[in-house]
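Engineer: Protein sequences appear in the order of chains F and W. For the first sequence, the positions run -11 to 134 when this note's numbering is used. For the second sequence, the positions run -3 to 66 when this note's numbering is used.
Watch out, some of these pointers could steer you wrong.
Far from chain W by the CB rule (all over 12 angstroms, computed), these chain F residues [what the hints assert, rightly or not]: (1) Gln16; (2) Leu60; (3) Ala66.
The calculated lysine-lysine pairs, modelled on PhoX-like cross-linking and capped at a C-alpha distance of 25 angstroms, are [what the hints assert, rightly or not]: (4) F:Lys132 to F:Lys55; (5) F:Lys132 to W:Lys13; (6) F:Lys(-7) to F:Lys55; (7) W:Lys50 to F:Lys132; (8) W:Lys13 to F:Lys55; (9) W:Lys13 to F:Lys71; (10) W:Lys53 to F:Lys55; (11) W:Lys50 to W:Lys60; (12) W:Lys64 to F:Lys55; (13) W:Lys64 to W:Lys50; (14) W:Lys64 to W:Lys13; (15) W:Lys13 to W:Lys50.
Here are a few chain W residues that face chain F, going by a calculated C-beta distance under 8 angstroms [claimed, not checked]: (16) Leu17; (17) Gln20; (18) Ala25; (19) Glu27; (20) Lys31; (21) Ser32; (22) Thr45; (23) Leu49; (24) Cys57.
Hints in this document: simulated from the structure, not taken from any laboratory. C-beta: ideal position from N, C-alpha, C; glycine also.
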Amino acid sequence: MTYFKRFLIVFICGIVQIFYALYLLLNQFGFNLAWHIDNHIFMFIPGVLVFVGSGILTASYYLGDSKNNNILYDEYTALRYYKIAAAGYALNGIGIFMLFSIQDWANWSFQNANDMIYQLAAFAWLTFGALLTIFSIGDYKEYKNG
Amino acid sequence: MGKHHQNLLNNLEELRKRAGLTQQELSEAAEVSRKSINAIENGIYVPSTVLALKIAKTLKCEIKDIFKLP
């Protein structure tokens, strides 16, 4: 594993998540998009990417060259990751509160509940997709210039 | 003391240069990334005890020579 490979893996996962999350959110909030993802199989793409990407990173952490890993996964990088994750939890907390607030509780139905679950999932997806992208860019820029 | 962190002052850059090491060489000896050494020198990051000990060992000095409370 190298900084560049890690950047590529995390950046691609993040960008794809942002794309799908935005698509889902725009659909959920009634924006009429000019095109649609017709085949539902495509909706598995971001999940598969994250699964494969995290698998590669985990394997490199446990099975990779230890000298290289001391550098790639050092405590400063861990701190950076914790900060990003903490921001993610905070943003998701605010987002979930807002999404709960805008629901039509007076006319509650299974359809509303279903929509809300999609909205919550898409928002969390969007938040962590954005944070993954920010993390990957910042991590690589620091490696090059920091 | 060189660059200042809110909780910790450090003298790392001066001691490293005195030891004739680059950031890259120090980071390899201390088994961390170069950006970690850079972040410590610039007062952005406070290292763990283990890392501080490794740095002190590499620079052949005491931790108190490198870091000081404000």
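Engineer: State for each hint whether it applies.
Structural biologist: These are the hints, each one checked on the structure:
no.: 1; hint: Gln16; verdict: holds, 40 angstroms
no.: 2; hint: Leu60; verdict: violated, 7 angstroms
no.: 3; hint: Ala66; verdict: violated, 10 angstroms
no.: 4; hint: F:Lys132 to F:Lys55; verdict: holds, 19 angstroms
no.: 5; hint: F:Lys132 to W:Lys13; verdict: holds, 21 angstroms
no.: 6; hint: F:Lys(-7) to F:Lys55; verdict: holds, 17 angstroms
no.: 7; hint: W:Lys50 to F:Lys132; verdict: holds, 24 angstroms
no.: 8; hint: W:Lys13 to F:Lys55; verdict: holds, 24 angstroms
no.: 9; hint: W:Lys13 to F:Lys71; verdict: violated, 31 angstroms
no.: 10; hint: W:Lys53 to F:Lys55; verdict: holds, 18 angstroms
no.: 11; hint: W:Lys50 to W:Lys60; verdict: holds, 13 angstroms
no.: 12; hint: W:Lys64 to F:Lys55; verdict: violated, 30 angstroms
no.: 13; hint: W:Lys64 to W:Lys50; verdict: holds, 17 angstroms
no.: 14; hint: W:Lys64 to W:Lys13; verdict: holds, 19 angstroms
no.: 15; hint: W:Lys13 to W:Lys50; verdict: holds, 17 angstroms
no.: 16; hint: Leu17; verdict: violated, 16 angstroms
no.: 17; hint: Gln20; verdict: violated, 10 angstroms
no.: 18; hint: Ala25; verdict: violated, 11 angstroms
no.: 19; hint: Glu27; verdict: holds, 4 angstroms
no.: 20; hint: Lys31; verdict: holds, 4 angstroms
no.: 21; hint: Ser32; verdict: holds, 4 angstroms
no.: 22; hint: Thr45; verdict: violated, 11 angstroms
no.: 23; hint: Leu49; verdict: violated, 13 angstroms
no.: 24; hint: Cys57; verdict: violated, 21 angstroms
When held up to the earlier numbered hints, the structure conflicts with 2, 3, 9, 12, 16, 17, 18, 22, 23, 24 and fits the remainder.
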